[in-house]
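S.K.: Sequence:
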Amino acid sequence: AENDDEDSDEEDDDDDEEIPESHQKPIAQLARARQSVSAEAYGNWNKKKAFVAPKHPKTDEQKARLNETLQKSFMFSELDKEDMETILMAMKEATFDAGKKVINE
Numbered sequence: 012a013e014n015d016d017e018d019s020d021e022e023d024d025d026d027d028e029e030i031p032e033s034h035q036k037p038i039a040q041l042a043r044a045r046q047s048v049s050a051e052a053y054g055n056w057n058k059k060k061a062f063v064a065p066k067h068p069k070t071d072e073q074k075a076r077l078n079e080t081l082q083k084s085f086m087f088s089e090l091d092k093e094d095m096e097t098i099l100m101a102m103k104e105a106t107f108d109a110g111k112k113v114i115n116e
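Start counting the sequence shown at 12; every next residue gets the next number (this note's numbering).
Bear in mind the hints are in silico, worked out from the structure with no lab data behind them. Take these hints with a grain of salt, some might be off.
Keeping only pairs whose Cα atoms sit at most 20 Å apart, straight-line, the calculated SDA-like set for lysine to any residue is [to be verified]: (1) 103 - 75; (2) 111 - 72; (3) 74 - 93; (4) 36 - 46; (5) 83 - 97; (6) 83 - 98; (7) 74 - 99; (8) 92 - 103; (9) 74 - 46; (10) 92 - 76; (11) 83 - 102; (12) 103 - 71; (13) 66 - 90; (14) 66 - 108; (15) 74 - 91; (16) 69 - 92; (17) 69 - 46; (18) 83 - 60; (19) 103 - 77; (20) 69 - 36; (21) 69 - 47; (22) 103 - 64; (23) 103 - 76; (24) 69 - 38; (25) 74 - 101; (26) 103 - 67; (27) 58 - 74; (28) 92 - 115; (29) 103 - 57; (30) 74 - 36.
Between beta-carbon pairs, the in silico distance windows are [unchecked claim]: (31) 33 - 65: 50 to 60 Å; (32) 58 - 107: 37 to 47 Å; (33) 79 - 111: 50 to 60 Å; (34) 46 - 86: 35 to 45 Å; (35) 105 - 37: 54 to 64 Å; (36) 113 - 38: 57 to 67 Å; (37) 111 - 68: 37 to 47 Å; (38) 94 - 68: 38 to 48 Å; (39) 47 - 78: 21 to 31 Å; (40) 31 - 94: 50 to 60 Å.
Even for Gly, the Cβ is constructed at its ideal location relative to N, Cα and C.
Work out the full structure, taking the sequences as your base and the hints as a guide.
M.R.: Below, the structure is given as structure tokens:
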């Protein structure tokens, strides 16, 4: 029973504690609303436009090869035919010699 009294005293202590003055914001600062910050610019030179994917011509063999490769990736495997066609046509083929470093991190 004595333990129960100690527990309730500890709980009561938590309720009565105030934030130390050194941790409180000045009253003048509490009254002001925080200003928001935006990095996006607006105006005639930054108008929103519909995205148009690039289209690079490909042979049927290239499309089939790319499609087979992309189907192995979880990111592309569930795309519908129209979206997959957009992705395939937007890709640009590049060939590299064996052993050449292609990506630098």
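S.K.: Hints first: check each against the structure and report whether it holds.
M.R.: Status of each hint after checking the structure:
no. : hint                 : result
1   : 103 - 75             : holds, 14 Å
2   : 111 - 72             : violated, 25 Å
3   : 74 - 93              : holds, 13 Å
4   : 36 - 46              : holds, 16 Å
5   : 83 - 97              : holds, 17 Å
6   : 83 - 98              : holds, 15 Å
7   : 74 - 99              : holds, 7 Å
8   : 92 - 103             : holds, 19 Å
9   : 74 - 46              : violated, 51 Å
10  : 92 - 76              : holds, 15 Å
11  : 83 - 102             : holds, 16 Å
12  : 103 - 71             : holds, 14 Å
13  : 66 - 90              : holds, 18 Å
14  : 66 - 108             : violated, 25 Å
15  : 74 - 91              : holds, 15 Å
16  : 69 - 92              : holds, 16 Å
17  : 69 - 46              : violated, 51 Å
18  : 83 - 60              : violated, 32 Å
19  : 103 - 77             : holds, 10 Å
20  : 69 - 36              : violated, 64 Å
21  : 69 - 47              : violated, 47 Å
22  : 103 - 64             : holds, 12 Å
23  : 103 - 76             : holds, 13 Å
24  : 69 - 38              : violated, 67 Å
25  : 74 - 101             : holds, 11 Å
26  : 103 - 67             : holds, 6 Å
27  : 58 - 74              : violated, 34 Å
28  : 92 - 115             : violated, 32 Å
29  : 103 - 57             : violated, 28 Å
30  : 74 - 36              : violated, 62 Å
31  : 33 - 65: 50 to 60 Å  : holds, 58 Å
32  : 58 - 107: 37 to 47 Å : holds, 38 Å
33  : 79 - 111: 50 to 60 Å : violated, 23 Å
34  : 46 - 86: 35 to 45 Å  : holds, 39 Å
35  : 105 - 37: 54 to 64 Å : holds, 59 Å
36  : 113 - 38: 57 to 67 Å : holds, 60 Å
37  : 111 - 68: 37 to 47 Å : violated, 25 Å
38  : 94 - 68: 38 to 48 Å  : violated, 19 Å
39  : 47 - 78: 21 to 31 Å  : violated, 45 Å
40  : 31 - 94: 50 to 60 Å  : holds, 57 Å
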